[in-house]
Amino acid sequence: MAAPISKSLRNVTVSASLAVAVLAGTGLGIGSYTFFYANGWSYFTNDPAACANCHVMQTHYDAWVKSSHRAVATCNDCHTPPNLIGKYYTKADHGFWHSYAFTTGDFHEPIFMKARSRAIVQASCRRCHGQIVEAIESPDPHRGQMDCLLCHGTVGHPM
Amino acid sequence: NIFQRKQEARNPFYRVVELTDETEDPAIWGKNFPLQYDSYKRTVDQVRTRFGGSEARPRTPTSADPRSIVSQSKIEEDPRLKVMWAGYAFARDTREERGHAYMLEDQTFTERQLVVQQPGACLHCHASVYVPYKKQGNGDLMAGFAKVNQMPFAEARKLVTHPVSCIDCHDPATMALRITRPGFLEGIRALKATEGVANYDPNTMATRQEMRSYVCAQCHVEYYFKGQEKRLVYPWAKGLKVDNIIAYYDEIGFKDWTHAETGAPTLKAQHPEFEMWNQGIHARSSVACADCHMPYKREGATKISDHHVRSPLLNINHACQTCHRWPEAELKARAEAIQERTYHLRNLAMDALIDLIKDIKAAKDAGETDDKLAPIRDFQRKAQFYLDFVEAENSMGFHAPQESARILAESIDFSRKGQLLARSLSPAKRP
Amino acid sequence: NIFQRKQEARNPFYRVVELTDETEDPAIWGKNFPLQYDSYKRTVDQVRTRFGGSEARPRTPTSADPRSIVSQSKIEEDPRLKVMWAGYAFARDTREERGHAYMLEDQTFTERQLVVQQPGACLHCHASVYVPYKKQGNGDLMAGFAKVNQMPFAEARKLVTHPVSCIDCHDPATMALRITRPGFLEGIRALKATEGVANYDPNTMATRQEMRSYVCAQCHVEYYFKGQEKRLVYPWAKGLKVDNIIAYYDEIGFKDWTHAETGAPTLKAQHPEFEMWNQGIHARSSVACADCHMPYKREGATKISDHHVRSPLLNINHACQTCHRWPEAELKARAEAIQERTYHLRNLAMDALIDLIKDIKAAKDAGETDDKLAPIRDFQRKAQFYLDFVEAENSMGFHAPQESARILAESIDFSRKGQLLARSLSPAKRP
Ligand SMILES: [Ca+2]
Ligand SMILES: [Ca+2]
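For the protein sequence lines, the chains are A, B and C, in the order given. Here the first sequence stands for residues 1 to 159, where the numbers follow this note's numbering. Here the second sequence stands for residues 1 to 431, where the numbers follow this note's numbering. Here the third sequence stands for residues 1 to 431, where the numbers follow this note's numbering.
Among the hints, erroneous ones may be present.
[As the list claims (entries may be wrong)] Partial selection, computed: residues in chain B whose CB lies under 7 Å from chain C:
(1) Thr302
(2) Lys303
(3) Arg341
(4) Leu345
(5) Pro401
(6) Ala405
(7) Ala409
(8) Ile412
(9) Arg416
(10) Leu421
[Stated by the list, open to error] Listed next, the stretches of chain A that the computed footprint assigns to chain C, with coverage defined by at least 3 CB atoms under 8 Å from CB atoms of chain C:
(11) 94-104
(12) 110-124
Because the hints were derived from the structure by calculation, they are not lab data. Computed from a prediction, not measured in an experiment: that's the story for all the values here. Heads up, the beta-carbon is just placed ideally off N, CA and C, and yes, glycines get one too.
Could you put together the complete structure from these sequences and hints?
Laid out in structure tokens, this is it:
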């Protein structure tokens, strides 16, 4: 796995408990109101429809339904890391910031993935397609890994 | 908050007033569609970009022209334009265009009105004419159009009240887009006929995505006034490219004016945005005018079309980033790289044309006959129209980067070949 | 079958032979990497596209030139090229370039070799020179480069055996891409210095994606031979644009040849693919040469880079469709629309240049002095180089559509201005 990706995933695990604490701490604030009202708990399921609970995710959902991956990968397959802590940390992180951003309306539109989310997605591609891309993986990783999204950015939800 | 948002999402249109096919005033439509109306009103804003937008310049109002703010003058920014248009009203007053809110007053008070007696046909694109046309035609749009075209401008002016308004683009019953402009209905029919489609009617035959450009193409196009009836015509019967359009004008022997310094029968191109966009990769990819100039924006839970029609470079995140996932600064730089290249060539072509005009003038002053001058004046006519086709097109090449450069290259070639011919005339006669 | 695929996937590299930094023969590398080797060998194929690819033309082998198949002649397809290059070897023989498999023989047997005594420097881009350079330099690549540059071609030719081979682009230990060409190492260092980066070394400082273009830019670039030592130099010390490159040549007073008909000190541009690509939207979007010319293809359970380097228009589904989800015919039409426009302007520019050459010749024949002719010959030098920069660039404008049109527009302007100046010389002296 690429150096930058594994590094950011390690940071994830280390700070996971902290973040969960922050999320819990703000639990009485507007974040939690949103969280519950917007069916926040469904967020912790693997059902893509749960994501579409937020209308700002609706377009992605609609596109995913038409995507080549609809039958083989859900949102979480691509957007969360595989291990348990990483998974729920990422969800908590997204969940918190999504609720916050959604409530305040203060986010950049169109939504762009942050660098960390990009790394997670690419790790997911490799998780499923590791074999097929083995031959093209960089022999000298310090030069940087192949950016799958340069060519395949639309596989999850062609919009 | 979320509760309100969910409400909004369920109920985006509040039908508080009844709209009819006679409701001209946008404020009334605004009661039903306050979000669209609010953004529509913002076309009064003036912000300049590197090559577009507009700059608010204060002026002292007079009784003849009560405007206290106008936008910058193009002919003062580049005085070569006065030579290029010598003898035509545009050499007197041409300004950077600004938001839709100003269209009626800018037309009414431009000094061009002082130079030529303008016809009522002008109003077609500067006012909400749908209801007035129908009234003048006793319910028949085309008849009203024909009638208003021929009126003197001042008389026709009294028939209208608003700049382009909701009713000019929307069907009041369904809010669907519709074409209300006779000029476009006739123009697109002629164009489609060349493609083998008979009796084309956009109001029944266009796709929704096409309509998102056609409503703009009602006005953002090249035009001329035909014959005594001053009928407004879009010169598309041979196609939309600059080469097709000049071939059309040549065939009917049309000229806009006679150049004051050379006597050439010249043509003025005007805002061929639709024509140029058609040659570009965005049109080819079905990206409509509205996608960039009226992109969707979120208002609570609803997404609406931003009716603040303006330069997309003032609104890059909505106008471009939905399709292009690059940072705003990068997208701006990409557009400007295209525009800078176009601007550079436009300047080369302008220099070449000015040189040609000088040479023709010299030959004329030396007493060369009209017969001998005719082919040279034809080079001027071509060089001028090709250059103006890019100059008057308001995206500075963005709508079709390579095509704009191609047109300018041809303009340079015409100007320089004209010079060679001018100088080949008997030098003995030279002053 | 599945089992075999699993094998392949788990073991994409069969290290059946040991590769060292001296293994020149691609067939040996092919033992470890049979899939890449198989596609590499297919560069012998000849298929023509509208403007690219190549056409296999049979010829009768002679002892001087044993080739039984060559590709079409450019100078026969457009005889104006012979006038443009009059007095230079290219006017004798210039053909459409074809696949990598032919590079060594096409260079060895081009009739250009019969016109000029060529230096060993030529081989830098037509053979696997990495091992020979090292040998000649006793292990020092740069020393070997310097030595081979100065040899007569025939002598140097004996040192090499293969066209570009695996070792020229790959590190045998890791298979990572690497730059082996001294010309590029020095050229890119000079270029990066202008951007404020000192001692740039692509082999340690470039990203992987950059390397996917740099390996091609080892050869697909403009070049000249400097001084007595015939050092191969890429003229990038002022930048990569045509304007920067001619400024560089002007500063050092370089010329490729003296034009036979006019006496102008002219420059020949050669395959500036890397320079032109750099001005285009694909480069700006990090799309590398290899992305289009060596796209991934699936072989069993693994995907590999297609080493059948060729026109992407022969391989649209892999080369374009992962990024552009349009039908193949549509993508081809898009590329060809760009190319047709470029071709049209290239023809206009060519006509203008031929006209200029005629006028200079007439002035010279009429006895005008070199002093008077100098500024006009300079117009020819510029017009020729700008035109040739697009003509010699092998994508017919695709790599940078608007920039190609811009360059041709300037070329037209230079030619026509040169003509005006030529004709302004005392007409009394005219024949
Ligand atoms: Ca403007
Ligand atoms: Ca070729």
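(message) Hint Leu345/B vs chain C: min CB-CB distance below 7 Å?
(response) For Leu345/B, the interface hint holds, since the closest Cβ of chain C sits about 5 Å away, which is under 7 Å.
(request) Grab the minimum C-beta distance from Ala409/B to chain C and call the hint holds if it beats 7 Å, violated otherwise. (result) holds (4 Å)
(request) Identify whether the interface hint at Leu421/B stands, where standing means a beta carbon of chain C within less than 7 Å of its own. (result) This interface hint is violated because 11 Å lies over the 7 Å limit.
(message) A closest beta-carbon separation below 7 Å is what the hint needs, so does Thr302/B meet it against chain C?
(response) violated (29 Å)
(message) Please verify the coverage claim for the region 110-124 of chain A: does it have three or more residues whose C-beta sits within 8 Å of some C-beta in chain C?
(response) Violated - the region 110-124 of chain A has 0 residues with a Cβ nearer than 8 Å to chain C, which falls short of three.
(message) Checking hints one by one. Is Arg416/B an interface residue toward chain C, by the C-beta closer than 7 Å rule?
(response) It holds, given that the least Cβ distance between Arg416/B and chain C is near 3 Å, below 7 Å.
(request) Tell me if Ile412/B is really an interface residue toward chain C, meaning its C-beta lies closer than 7 Å to one of theirs. (result) It holds, given that the least Cβ distance between Ile412/B and chain C is near 5 Å, below 7 Å.
(message) A closest beta-carbon separation below 7 Å is what the hint needs, so does Arg341/B meet it against chain C?
(response) holds (5 Å)
(request) Apply the coverage criterion to the region 94-104 of chain A and chain C: a residue qualifies when its Cβ sits closer than 8 Å to a Cβ of the chain, and three qualifying residues are needed. (result) Three-residue rule not met by the region 94-104 of chain A, so violated; n is 0.
(message) Does Ala405/B hold up as a contact with chain C if the rule is Cβ-Cβ below 7 Å?
(response) holds (4 Å)
(request) Would you check whether Lys303/B satisfies its interface hint, that is, whether its CB is within less than 7 Å of any CB in chain C? (result) violated (24 Å)
(request) Identify whether the interface hint at Pro401/B stands, where standing means a beta carbon of chain C within less than 7 Å of its own. (result) holds (4 Å)
The structure is inconsistent with the numbered hints 1, 2, 10, 11 and 12, although it conforms to all the rest.
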